[in-house]
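Participant: Which chain is which? The protein sequence lines are A and B, in order.
Going by this note's numbering, the letters in the first sequence line up with residues 1 to 310, in that order.
Going by this note's numbering, the letters in the second sequence line up with residues 1 to 451, in that order.
Treat the hints as calculated values from the structure; they're not laboratory data.
On a predicted model such as this, the values are computed, not experimentally measured, just so you know.
Ideal Cβ placement from N, Cα and C applies to all residues, glycine included.
Treat the hints with care, as some may be off.
Computed beta-carbon distance windows for the label pairs [said to hold, decoys possible]:
#, chain 1, residue 1, chain 2, residue 2, range
1, B, Gly383, A, Pro266, 29 to 35 Å
2, B, Gln126, A, Ser260, 37 to 43 Å
3, A, Glu242, B, Thr329, 54 to 60 Å
4, B, Gln144, A, Thr250, 17 to 23 Å
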Amino acid sequence: MRNGLYFSVALHVTVILLALVTLPAPKVLPSIPSAVAVELVDIGDVTNFKKSDKPTDKVKAPQKRIVKETPLPVAPQQDQPKPVEQKPEEKPEPTPAPPEPKPEPKPKPVEKAEEKPEPTPDKVEDAEAEKVKKVEPKKEDEPKPKKAEAKPAKPKPTKDKAKKKDDFDPTQIAALLNKVPDKKEKTQSEESTQAVSNDQSESSFASKLSMTEIDAFRAQMVKCWTVPAGAANAADLIVQIEVSLNKDGTLASPPQLVNSARLSDPYFRAAADSAMRAIRMCQPYKMPADKYDGWKDLELDFNPRDMLGG
Amino acid sequence: MNQAIQNRKPGRRLARFAGLLAVAVVMLAGLAVPAKAALKIEITHGNMNPLPIAITDFSGQQAKDAAAGADIAGVISNDLDRSGLFKPLAKASFIDKPTDINVQPRFADWRIINAQALVTGQVQVQPDGRLKVEFRLWDVYGEQQLVGLQFFTTPQNWRRVAHLVADAIYQRLTGESGYFDTRIVYVSEAGPKGKRVKRLAIMDQDGYNPRLLTDGRDLVLTPRFSPNSQEITYLSYHNNRPRVYLLDLETGQQEVVGDFPGMTFAPRFSPDGQRVVMSLQKGGNADIYTMDLRTRRVTRITNTAAIDTAPSYSPDGKFITFESDRGGTQQVYVMNADGSNQHRISFGKGSYATPVWSPRGDLIAFTKLTGGQFQIGVISPDGSGERILTSGYHNEGPTWAPNGRVLMLFRETPGASGGPNLWSVDLTGYNERKVTTPTFASDPAWSPLLE
Numbered sequence: 001m002r003n004g005l006y007f008s009v010a011l012h013v014t015v016i017l018l019a020l021v022t023l024p025a026p027k028v029l030p031s032i033p034s035a036v037a038v039e040l041v042d043i044g045d046v047t048n049f050k051k052s053d054k055p056t057d058k059v060k061a062p063q064k065r066i067v068k069e070t071p072l073p074v075a076p077q078q079d080q081p082k083p084v085e086q087k088p089e090e091k092p093e094p095t096p097a098p099p100e101p102k103p104e105p106k107p108k109p110v111e112k113a114e115e116k117p118e119p120t121p122d123k124v125e126d127a128e129a130e131k132v133k134k135v136e137p138k139k140e141d142e143p144k145p146k147k148a149e150a151k152p153a154k155p156k157p158t159k160d161k162a163k164k165k166d167d168f169d170p171t172q173i174a175a176l177l178n179k180v181p182d183k184k185e186k187t188q189s190e191e192s193t194q195a196v197s198n199d200q201s202e203s204s205f206a207s208k209l210s211m212t213e214i215d216a217f218r219a220q221m222v223k224c225w226t227v228p229a230g231a232a233n234a235a236d237l238i239v240q241i242e243v244s245l246n247k248d249g250t251l252a253s254p255p256q257l258v259n260s261a262r263l264s265d266p267y268f269r270a271a272a273d274s275a276m277r278a279i280r281m282c283q284p285y286k287m288p289a290d291k292y293d294g295w296k297d298l299e300l301d302f303n304p305r306d307m308l309g310g
Numbered sequence: 001m002n003q004a005i006q007n008r009k010p011g012r013r014l015a016r017f018a019g020l021l022a023v024a025v026v027m028l029a030g031l032a033v034p035a036k037a038a039l040k041i042e043i044t045h046g047n048m049n050p051l052p053i054a055i056t057d058f059s060g061q062q063a064k065d066a067a068a069g070a071d072i073a074g075v076i077s078n079d080l081d082r083s084g085l086f087k088p089l090a091k092a093s094f095i096d097k098p099t100d101i102n103v104q105p106r107f108a109d110w111r112i113i114n115a116q117a118l119v120t121g122q123v124q125v126q127p128d129g130r131l132k133v134e135f136r137l138w139d140v141y142g143e144q145q146l147v148g149l150q151f152f153t154t155p156q157n158w159r160r161v162a163h164l165v166a167d168a169i170y171q172r173l174t175g176e177s178g179y180f181d182t183r184i185v186y187v188s189e190a191g192p193k194g195k196r197v198k199r200l201a202i203m204d205q206d207g208y209n210p211r212l213l214t215d216g217r218d219l220v221l222t223p224r225f226s227p228n229s230q231e232i233t234y235l236s237y238h239n240n241r242p243r244v245y246l247l248d249l250e251t252g253q254q255e256v257v258g259d260f261p262g263m264t265f266a267p268r269f270s271p272d273g274q275r276v277v278m279s280l281q282k283g284g285n286a287d288i289y290t291m292d293l294r295t296r297r298v299t300r301i302t303n304t305a306a307i308d309t310a311p312s313y314s315p316d317g318k319f320i321t322f323e324s325d326r327g328g329t330q331q332v333y334v335m336n337a338d339g340s341n342q343h344r345i346s347f348g349k350g351s352y353a354t355p356v357w358s359p360r361g362d363l364i365a366f367t368k369l370t371g372g373q374f375q376i377g378v379i380s381p382d383g384s385g386e387r388i389l390t391s392g393y394h395n396e397g398p399t400w401a402p403n404g405r406v407l408m409l410f411r412e413t414p415g416a417s418g419g420p421n422l423w424s425v426d427l428t429g430y431n432e433r434k435v436t437t438p439t440f441a442s443d444p445a446w447s448p449l450l451e
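Input sequences plus hints: build the corresponding full structure.
Facilitator: And the structure:
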């Protein structure tokens with residue numbers, strides 16, 4: 001008996017200790033040298049961990065697929081050639097595009113649906129994909145959040161999606177044929193947005209930026225931040241700046257220098273100025289709108305140490 | 001049984017407690033994340049691109065003023081461009097044409113052309129004939145003035161004022177002190193190869209205002225600036241014997257530094273300008289000596305059977321770096337200023353010569369001969385971090401800009417019509433620029449900032 005108890009206690013303790021040790025570890029990831037390539041990747045695929053996707057989202061997704069097929073004929077109308085950078089997920093977006101002219105909202109829901117489970121129609125998608133890309137939905141912000149949500153859902157609810165897709169298909173097709181089914185789509189999109197907000201409130205993790213998203217942010221900064229030459233002198237020349245952002249990625253208020261005590265040091269002053277300039281120049285920032293809570297307030301630590309080895 | 005049961009209870013409690021603890025820990029971990037309101041992101045990578053800067057022609061109410069204003073803007077632009085850290089934008093792209101420097105520029109117009117900084121200024125001849133030059137440096141994105149200054153000078157001095165403005169801009173935007181208001185002493189070489197006339201010459205840092213200092217009857221070598229910038233020391237062959245001279249730039253007065261039985265080489269001032277450190281050769285042996293310029297007292301610093309030469313003080317005056325072949329090949333050594341603790345710091349392939357301590361103290365520049373290539377490099381005083389900045393057929397004689405970020409050197413080109421020219425290179429090694437001189441030129445020495 002005793003042994004069993006001790007064993008159980010020991011097991012619990014080790015589990016707790018493991019939890020203590022392992023849980024916080026993921027936060028620390030240092031910056032990864034080459035972040036630029038990541039920019040093109042859809043943000044959030046890797047790190048999202050929502051517990052459960054709401055049915056609304058899933059439903060949207062299936063619609064998208066359906067939409068893709070139907071809209072293809074329409075898509076050719078739109079000639080805009082956009083870069084193919086985006087992954088397959090984006091392809092679904094294009095499908096909505098065909099209806100674009102009329103209702104932008106349609107494309108949004110479709111985007112969510114993008115999910116890969118639909119491998120069968122891939123050929124069609126590819127062909128269409130290019131067209132679709134052209135169609136870019138103007139309201140990019142909205143679609144993005146949806147995407148993020150959709151991503152997390154992918155792993156678990158694939159089955160559900162498939163079912164839902166089936167259900168929705170008929171309606172979508174009809175809408176597509178009509179070309180003017182804005183109402184339906186709009187309602188769907190509204191639902192989806194609501195769902196998103198709910199999700200966020202439910203799990204704090206929903207608004208947490210993934211490493212790819214943080215790296216994407218860093219990549220934006222690389223272009224804007226011109227490191228002052230004098231920074232080579234000071235090993236610990238770290239400039240901390242607090243930034244508040246609007247949902248569209250613009251600055252909500254002037255950036256605030258946190259460690260302003262060293263402004264009398266000309267090296268620090270030049271470094272602080274350069275960081276401030278970079279922050280102002282770089283706006284609007286491209287951020288996942290669905291995770292606004294996660295990035296509306298940022299503290300940016302500009303540290304030139306890696307830049308100035310030589 | 002009883003005992004067993006009793007024993008069980010605490011065990012269960014413990015287990016339960018542990019379970020609760022685990023739950024609490026998980027909850028805490030969950031809470032900890034949202035508690036941090038602002039996400040912290042460390043930005044460790046930016047770009048090293050030259051900063052785009054718009055330099056408008058300085059305005060003037062009269063045509064003469066405006067012409068001077070345009071000239072001044074040109075000099076500033078050239079200075080900043082040559083530094084490699086700034087990219088002056090083409091004037092043709094300017095949308096806004098600021099005329100009054102006391103009115104805020106329309107920053108949006110400057111953002112359109114991607115200017116990050118903007119320089120406006122004006123020039124006015126005063127009733128007493130002096131020139132008044134004002135300028136303001138603006139942060140285009142922060143929409144504020146970074147620095148604003150005014151200078152009064154004689155109209156002939158407009159170039160110096162322009163360099164001073166460039167220095168102020170450079171310092172404000174990089175954190176480093178500037179180096180544009182400086183001069184270069186060098187050896188001007190005229191005539192055919194093999195029969196060159198070598199004369200001491202001086203010019204502005206950007207190559208303007210060249211002026212000869214000696215008549216060319218005696219061969220001159222290795223001029224070095226005094227830290228107070230009013231004096232130079234150099235080597236001159238008199239009656240075929242090299243001797244160390246002092247030259248006062250203000251008065252033009254020359255004098256021999258001591259009269260030694262042997263030959264003296266490689267003179268250089270101490271940081272306080274009170275002493276000259278040099279090498280004195282007797283037979284095949286050279287050692288390092290210092291001479292106090294006031295008392296004329298000579299002190300021997302090294303005493304070996306090898307050739308110790310090319311001494312250079314650290315900016316704090318506590319150490320001397322020099323070149324010695326005591327280990328079999330020429331290498332760079334460092335010792336205390338009194339000659340103690342002599343130790344070798346260069347261990348790379350090839351031979352090292354003429355070490356020069358940076359005015360900032362963090363690096364020692366050297367000339368290196370390896371694999372048939374002449375290289376200019378830098379190394380930390382502790383011997384770490386050796387870095388080659390430029391390499392080629394011939395490179396020699398590095399001298400530091402007063403802020404320790406740029407080196408000037410001379411580079412000989414091969415062939416019958418070839419000859420030495422001055423080049424500048426910054427610490428990144430990427431920004432190499434030729435310095436234009438009227439004749440061939442060698443042995444540059446960078447002055448400290450002018451007073």
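Participant: Does each hint fit the structure? Answer for all of them.
Facilitator: Consistency of the hints with the structure:
1. In this structure the supplied range 29 to 35 Å holds for glycine 383 of chain B paired with proline 266 of chain A, their Cβ-Cβ distance being about 30 Å.
2. For glutamine 126 of chain B paired with serine 260 of chain A, a C-beta distance near 39 Å keeps the hint of 37 to 43 Å intact.
3. At about 56 Å, the CB distance of glutamate 242 of chain A to threonine 329 of chain B agrees with the hint of 54 to 60 Å.
4. As the Cβ distance of glutamine 144 of chain B to threonine 250 of chain A is approximately 19 Å, the hint placing it in 17 to 23 Å holds.
Consistency note: the structure conflicts with none of the earlier hints.
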